[in-house]
Amino acid sequence: MAKMMYREAVQNALFAEMERDENVILLGEDIVGGMGTDGGPEAIGGIWSTSVGLFGKFGPDRVIDTPISESAIIGAAAGLALSGKRPVAELMFADFIGVCLDQIWNQVGKFRYMFGGKTKCPMVIRMAYGAGFNAAAQHSQSVHQILTGMPGLKVVMPSTPADVKGLLTQSIRDDDPVIFLEHKALYASSGEVPEGDYTIPFGHARLARAGQDVTIVATGLMVGFCESVADRLAPEGIGCDVIDLRTTSPLDEEAILDSVEVTGRLVVVDEAPPRCSLATDIAALVGQKAFASLKVPLTMVTPPHTPIPFARELESAYLPSADKIEAAVRKIMAWR
Amino acid sequence: MAKMMYREAVQNALFAEMERDENVILLGEDIVGGMGTDGGPEAIGGIWSTSVGLFGKFGPDRVIDTPISESAIIGAAAGLALSGKRPVAELMFADFIGVCLDQIWNQVGKFRYMFGGKTKCPMVIRMAYGAGFNAAAQHSQSVHQILTGMPGLKVVMPSTPADVKGLLTQSIRDDDPVIFLEHKALYASSGEVPEGDYTIPFGHARLARAGQDVTIVATGLMVGFCESVADRLAPEGIGCDVIDLRTTSPLDEEAILDSVEVTGRLVVVDEAPPRCSLATDIAALVGQKAFASLKVPLTMVTPPHTPIPFARELESAYLPSADKIEAAVRKIMAWR
Amino acid sequence: MQLSREALLRAYRQMRVIREFEERLHVEIMTGEIAGFTHLYSGQEAVAVGVCEHLDHEDKIISTHRGHGHCLAKGCDVGMMMKEIWGSREGTCKGKGGSMHIADVAQGMLGANGIVGAGAPIAVGAALAAKLDGGGRVSIAFSGDGACNQGTTFEAMNLAVVTKAPCIFVFENNHYSEHTGWKYAVGTGSDIAGRAEAFGMRVWRGDGTDFFSVYETMRDVLEHVRGGNGPAAVEFDTERFFGHFEGDPQRYRGKGEIDRLRKVRDCLTKFRTRVTGADLLADGDFGRIDAEVRDLIEKSVSEARSAARPTADDVLSDVYISY
Amino acid sequence: MQLSREALLRAYRQMRVIREFEERLHVEIMTGEIAGFTHLYSGQEAVAVGVCEHLDHEDKIISTHRGHGHCLAKGCDVGMMMKEIWGSREGTCKGKGGSMHIADVAQGMLGANGIVGAGAPIAVGAALAAKLDGGGRVSIAFSGDGACNQGTTFEAMNLAVVTKAPCIFVFENNHYSEHTGWKYAVGTGSDIAGRAEAFGMRVWRGDGTDFFSVYETMRDVLEHVRGGNGPAAVEFDTERFFGHFEGDPQRYRGKGEIDRLRKVRDCLTKFRTRVTGADLLADGDFGRIDAEVRDLIEKSVSEARSAARPTADDVLSDVYISY
Ligand SMILES: Cc1ncc(C[n+]2csc(CCOP(=O)(O)OP(=O)(O)O)c2C)c(N)n1
Ligand SMILES: Cc1ncc(C[n+]2csc(CCOP(=O)(O)OP(=O)(O)O)c2C)c(N)n1
Ligand SMILES: [Mg+2]
Ligand SMILES: [Mg+2]
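Chains as they are written, first to last, in this note's numbering: chain A, 1 to 336; chain B, 1 to 336; chain C, 1 to 323; chain D, 1 to 323.
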């Protein structure tokens, strides 16, 4: 085990996979930094410092800095993947899927199906998502709900450095296109990461806390909030199963349903806006497939149906928090 | 009352609003047709024939044919709207939001909020959506789930010619940005349309059929399927409330919840893929707010989690149908 | 003209296959048997063939909604393509893609594409792969005079220049994007290549109704690009003999335009005139090929008509490799 | 140089306000009091002011993530902007937008914008509105040397040419997009205007560290565009004195680069030298303005610091006009 930051785990997995397989190619804006400047290349190694040292080690053919043109970046990654490479494209901010969604949605996600299963498109699109930096409406969004809804894509949302390592390694080795969502506010968090080579299979949730009374389902930054709620409530005898989904597509339905069958209570915590979201997805799953076990109404803790505001007070009011989650749990524990 | 086709109702509403308000401006690809050709302008009037005659009547400054560049089209509409006009942009196929989503999502939908409520952006983005033409994975999609999830946008899905007229008129007069989704397979359908000027307010569902046993919620093409299921089941004494949402954002929560309080049974029918969808949205709403009334599991009838296939057999197997809806209703009527 | 007899026969045959394929579809579509939207390539054969005759399966191409010609020229199987268009389970894409999504990645054909402008960025990626692998392979993006206005096409050109990707942007100017004239939609009036040149690459122009013009132009382009000089662009002036899609009333055409084009801008006639004029092939050669191709297409249609249909279960496969 | 004394004083003052605003923010941001990402405009003042001094509130501009300079030059209120950056409820956007989203549509300022390349298409729409209304109004899209590679910018240029929209694309080449040099990212090497020209419009070039160069260039550009000749583009060569965003370690800069730029490429110094050299304004004039501006900024900061904070309820308003 080694203690490292979430962002280091990203770099670590990229480094190891690039060393292991020469077909792994990175591309994105400023993933090198300093191209065409007097300071020279490798000035930054990605604005999240997730590709530091990779250009120096693997050179300009495998670590490709690009102009600002996200459609071209994702398209180029798709072309590389169709040609036998394993590209890892970085979008910098998840909010930028708006300028390249066609390539993600209508191209990459559909090649295999449209072409009758005769090809594969093994590529990873990494992007930083989430609020917490007062970066306002265009640089703080969660987009997993949009991408999870798109058949043909896999969607990964690690919440710990160890999961970053195992899931990113799996993403790169996976033969399907994978969206890899890194939460900005987790980059500087640290944790133990197993040494050496390991992968975490997709579609297997992690039980972050175990309890018998309420099932709490979350991803990314929200997982930590839920864990602290579980820890707060445990002394009172309220037991929370905190399920960290790890991947939203594929989804570990079994973990959720098994838990709700025991608890009879569901709280879904989601950082995305509330409509047509992962929160509604999980709630609907449970309302369809574990209805008979349900003791109380389905419960969602999400931001309101608004864009993300800038000011500190507004952003905190907007985001789910441990307090809001706690209140939701208490409310359903008191139901009827 | 006049009998007209759904597509004629679009043209009719556009014509009337353009005549009424000189600030209404249309733009899009081939909405005129024949620009820069020997055959000359107005060769087509929109590939769905929804702008026939408008160029001739209102001229090139108000009916603007554009190159293939959807981001520029939506952006230009946004700039027109911020400058006091009321643009109506046409995207031709809803699937093309992939190449211009940023303008819809991060610009148009957020101006008012980001700018602290000091401006408005009154514009309509019309697009043809939906399957039924064997147009395969990139020309058949439903996108309301993506856009409904985006705060700042309103989303309208008319199912009849009369609703097209009233809702499109409202959309053009509305001061917020509106996504207006026209189902391809309904363009040639006809129905009675009231004469003259009328609007249908947003957020008010239409009760297409009334019944006491099951609440069926649907939009667009699906509404007709649900109506026929209601008609099939009525003689057996199974009464269906068929709720045509008309707008998915704002959503008429009350109509849905009131109905489920009576029926205790919900079937949501949705043409979009099943994950993070409008179907899950409605199901989650009911599971949260009408839980105590629910007698049976929440039920969704949707396509599978796959892209849309081409061949006739495959597309029919993919799409919800009256038979599948009927089976779903029968299943919950027989539950326990 | 330094082409061997075999090469000439092959080029003619390739163009004739495309023509026959498309003309036959035009007829079949009217019967209502074929589903979906179909965009025919008749009139532009010289471009697809003049380009692809220089390539083998290790070179990549990516196409557009008007993809049949590129697919055939790049070596996709005629019978399987016809079956695909008929929606058969035995088609190139098992009936899941249809006319707009025919692909054969093993042949270096990265797919027809329903989204205008989507191909160019993908071609840049394939070119980057070729560059990594060495060996002088190239990747070619076919685009129309409409697609050349899409932001993705511009981005792709810039990225190719920046990364010195061996990518060739082939613009087929058939003068229409759907129902709109290129003089209106391309801001530079009649100049698509000139705009590409300003992105920082060498450009060429050729007559897209003349196989020899295309073929010879592409020889130079390919020499340049295979030689490691980065991307290039070519504009071929060509003609579309049918409507934008099957069913297009074509009110935007000038009076008698199509008749005139069929008379003076038909690449097959031009080829034949030139080649017989130079005594390289004889009438009998053409007659033989024409008959052979007619049989081939006839056979492909009758087989497509009776080929196995997909079943409901097929909807669910091929979304993921593992899930 | 035909500017009146008043105009010169005003121009200098505008540039000084921007400089002081930004230099002060640079200091304040280090204390951690200000939230979010902030991109400073110091070094480029001559562009914003040299352009906007020709405009009034009926002309429109749209800006970028680096928006403070454009906002100030176009007449946004200094105090309200500072409050916005501080996240106050009394700010330009009630604390909802922050640095990257300051807008004042009534002033013709259509907003800073966090998405690179998003502004250009919107500017085309504003230009179309101006064209409809008659009266020779224009709309201006500010873009950087990075944004000029984004597909949306290219699409906007083509659409403007096709629709003859009175739109001006002002490219501020400060040589960096984030941490990347423009020579790398712009495929045409050092030529942004040349590429714009190939889209079919007239282009100009100017020195973006020299107010007079910008001002005079823009006089010609505006005469052309207000005269109904369609769009135009201008490239101004300029400099960014701070990092891409506040916090940028700037390892990509050459040794001593910023010191050198501050010495030889400072638009304020250049202005002062030229204007005093020509005996148009005296040292006292500058001193007075400098002091006045320092006070103005001081006051705006102290007011921003104590201005009303938004409350949780404010999250919910301003999403829709009616819902
Ligand atoms: C992004 C996108 N916008 C619009 C369309 C609709 N469309 C399909 S083909 C076409 C015209 C393309 O013109 P061109 O590039 O000249 O190709 P051609 O049809 O002449 O082969 C249009 C507008 C589309 N498929 N995708
Ligand atoms: C679509 C999009 N891609 C990337 C970014 C991240 N980003 C913000 S500013 C910037 C560089 C912009 O460079 P330039 O246009 O030269 O403007 P400057 O920063 O020099 O003012 C980048 C890459 C973004 N905000 N939006
Ligand atoms: Mg064309
Ligand atoms: Mg720059």
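Calculated directly from the structure, the hints in this document are not laboratory data. Each residue gets a CB set at the ideal place from its N, CA and C atoms; glycine is no exception. Among the hints, a few may not be true.
As the list claims (entries may be wrong) - Beyond 12 Å from chain C on every Cβ pair, some chain A residues (computed):
(1) S71
(2) G75
(3) Y113
(4) G116
(5) K120
(6) A185
(7) E195
(8) G196
(9) R232
(10) A234
(11) P304
(12) R330
(13) M333
Stated by the list, open to error - Calculated cross-link-like contacts (lysine-lysine; reagent style PhoX-like; alpha-carbon spacing at most 25 Å):
(14) A:K289 with B:K295
(15) D:K255 with B:K57
(16) B:K57 with A:K331
(17) D:K270 with C:K183
(18) A:K324 with B:K289
(19) A:K289 with B:K289
(20) A:K331 with B:K295
(21) D:K183 with D:K299
(22) A:K295 with B:K289
(23) A:K289 with B:K57
Unchecked claim - Output of the computed footprint for chain A on chain C, the stretches with three or more beta carbons under 8 Å from beta carbons of chain A:
(24) 95 to 101
(25) 104 to 112
(26) 115 to 129
(27) 153 to 162
(28) 313 to 322
Cross-check of the supplied hints:
1. S71: violated (5 Å)
2. G75: Non-interface label fails for A:G75: nearest chain C Cβ at 2 Å, not farther than 12 Å.
3. Y113: With a cut-off of 12 Å, A:Y113 comes too close to chain C, as the shortest Cβ separation is near 5 Å.
4. G116: Violated, because the least Cβ-Cβ distance between A:G116 and chain C comes to about 3 Å, which does not exceed 12 Å.
5. K120: The assertion about A:K120 is violated, with a minimum of 6 Å to chain C.
6. A185: holds (30 Å)
7. E195: holds (27 Å)
8. G196: holds (23 Å)
9. R232: Answer for A:R232: holds, closest chain C Cβ roughly 37 Å.
10. A234: Answer for A:A234: holds, closest chain C Cβ roughly 35 Å.
11. P304: holds (33 Å)
12. R330: At roughly 37 Å from the nearest Cβ of chain C, A:R330 sits farther out than 12 Å, so the non-interface label holds.
13. M333: At roughly 36 Å from the nearest Cβ of chain C, A:M333 sits farther out than 12 Å, so the non-interface label holds.
14. A:K289 with B:K295: holds (14 Å)
15. D:K255 with B:K57: Measuring from Cα to Cα gives roughly 64 Å; hence the hint is violated.
16. B:K57 with A:K331: violated (61 Å)
17. D:K270 with C:K183: Violated, because 46 Å separates the two Cα atoms, which is more than 25 Å.
18. A:K324 with B:K289: holds (18 Å)
19. A:K289 with B:K289: holds (18 Å)
20. A:K331 with B:K295: holds (22 Å)
21. D:K183 with D:K299: violated (41 Å)
22. A:K295 with B:K289: Roughly 14 Å separates the two Cα atoms, so the pair holds.
23. A:K289 with B:K57: Roughly 56 Å separates the two Cα atoms, so the pair is violated.
24. 95 to 101: holds (count 4)
25. 104 to 112: Our answer is that it holds, as 5 residues pass the Cβ test (under 8 Å) against chain A, meeting three.
26. 115 to 129: With 12 residues closer than 8 Å to chain A, the region 115 to 129 of chain C meets the three-residue bar; holds.
27. 153 to 162: Our answer is that it holds, as 5 residues pass the Cβ test (under 8 Å) against chain A, meeting three.
28. 313 to 322: That given contact holds, which follows from 6 residues of the region 313 to 322 of chain C lying within Cβ reach (below 8 Å) of chain A.
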